[in-house]
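Engineer: Order-wise, the sequence lines are chains Y and C. Note that the working numbering has the first sequence beginning at 1, numbered continuously upward. Note that the working numbering has the second sequence beginning at 1, numbered continuously upward.
A hint or two may mislead.
As the list claims (entries may be wrong) - What follows is a list of derived Cβ distance ranges for each label pair:
# : chain 1 : residue 1 : chain 2 : residue 2 : range
1 : Y       : 123       : C       : 309       : 18 to 28 Å
2 : C       : 267       : Y       : 257       : 50 to 60 Å
3 : Y       : 29        : C       : 238       : 30 to 40 Å
Claimed, not checked - With a cut-off of at most 25 Å between alpha-carbon atoms, the simulated DSS-like pairs for lysine-lysine come out as follows:
#  : chain 1 : residue 1 : chain 2 : residue 2
4  : C       : 90        : Y       : 221
5  : C       : 320       : C       : 110
6  : C       : 64        : Y       : 221
7  : C       : 78        : C       : 88
8  : C       : 90        : Y       : 33
9  : Y       : 221       : C       : 314
10 : Y       : 84        : Y       : 188
11 : C       : 110       : C       : 64
12 : C       : 88        : Y       : 43
The hints are simulated quantities; they were obtained by calculation from the structure and are not laboratory data. All residues carry an ideal CB built from backbone N, CA and C; glycine is no exception.
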Amino acid sequence: MRGLFLFCAGFSVLALGCICVFLFASGVPFIGKVGLGNFFGTKWHLNSEAYGILSMIVASLYLTALSTIIGVAVGLLTAVSLYKFCPKNAVAPIRQLINLLAGIPSVIYGLFGLIIIVPFLRDKISPNGIGYGLLAASLVVSIMILPTIVSVSLDALNAVPKAYYEGALALGATNEQSVFRVMLPAAKSGILAAVVLSIGRAIGETMAVIMVIGGSPVMPKSLFQSVRTMTANIAMGATELSGDAATALVSTGVVLFFFTLLLNMSFSLLKGGEKRGKPQKTNT
Amino acid sequence: MKKLLALASLILTLAFVLSACGTDTASASTPTPTATPVSASNSTTDSTPEPAPEPQVSNFDTSKNISIVAREDGSGTKSAFMEIIGLKGKADPANVIIQTGTAGVLAEVKSNPAAIAYESLGYVTADVKMLDVDGVEATVANIQNDTYKISRPLSIVYQESTLENEVNAAFYAFLQSSDAQDIISEEGYVSIANNASPYTINGSLSGTIDISGSTSLQPLMIELEAAFKVLQPNVTVNVSGGGSGTGYKNADEGVSEFGMISEVFSLEKAPSCTHYIVAKDGIAVIVNGDNPLGNITMDELKNIYDEETTDVLKWDSLIK
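All chains should be built: construct the whole structure from the sequences, respecting the hints.
Structural biologist: In structure tokens:
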């Protein structure tokens, strides 16, 4: 019985190990082979052996930044609203509905973007008649990360001792002032964790992004321009390409892996910081 | 103030929830009562001036940029199309929208009035519009008689003596049979053998056939091989790729019984061989149903899909 548990525990570690070995064994030598200049160049053209993914890295970062800004702005205010400003008996059903968002498969988000957001941007907003691009993808991804932000930051707010709020009220602060000036800063580390988690989801999102990003491997210059993220690059080529081109996709995966690793590390750092240093500060 | 902002964002989030649910289940759109009257009144005020300034038959806006739609790298349709219009090995133009499948291409052209795309003739549906190329309509008949330009023959090359072997002769007969023509049409290719008769099974046949060459013909040949295997279970057909060059070489040197090529047969490349056209690959150029354009020239197509064309092309450069 103990052996079975040990095996189960070992299995996930083994899976991680296998994926790492696969990624690095074929991805890293390939980067060496084509040269850093080529691999981190801006030209992705398989027929002339140009495997530059810089434009895709930039597109991935833009997409992540933009969708996180939109998602955090809306999500954080939603959490605050659920925390204090919403009628008490509406809180639970609304939370449930928002959590439902997390359960929708990403391809459905992609479909939603493709059928609603892209034509809307194309016909009503875009200056050049292109609906695909960073804005469409960011809007879709920002909806996808809402549940993470709302539930994690609401939990963080709920974890702040009620006495802080009451203390602020007693000192003459209004309801809004106590929530925005006292409670939010006290829940800062939990909210930061929510942000990092949602960044992780945004940078790794593939299916929904592919459907609304356009897919042209060029440097992003406009919100309404067909571009390609790293995840889209891998998924678009994975079933069709072979040889060096397929290996280039694995190398793209290595770069993506580094970005997610970085995010995971900063997440654990934040969590560590939360445990050690929470109750000291109250500001004002 | 902040309270209002927070409540507003809550409503926004809920709207997201509900709208996403709406696409999921195509129902549940009754809530958010505050939003409906606002958007309704907006749309009425917006739509009143719209019909007035457009008395023409078509409401197609020719000042729009051409939305160039292409397939992903590695797609057989893409490499065939680029080769035929004279852009072999070139990359896509900068603003291209890449769709990863036939359905995606068709959906985009159907919904985007400014789109142009290419697709295998056999897959084009009635809700998009096929353009004539250099004045020739994209039809099966025009591909069969070689007047439609964006098509190419997919052939097998072989030495005459190969067919003396009855196993090879049986496969050759199968390729000409109606069983094979059905598969060819089903896979989106153009069958060129009219009035084919069904294949007659020879129960005592057994052996191995080796076929190699063009990767454009390979997927079709694999389908044909699978069907042949059902009819003649004791015959093994090995299909491998390598490109048209390999097809010529292997057939000429007798390494493979049949070589596959995806170009017009050239006797110089395989002097000892002859060829048989298995099927033709026809690619249609498609636009949105509202697009008034009826004809496009090869030069215009080449200009649209060339990576070196840096100006943003508008539809009025094509529609005069």
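Engineer: Find the hints from earlier in the document that the structure breaks and name them by number, from lowest to highest.
Structural biologist: none
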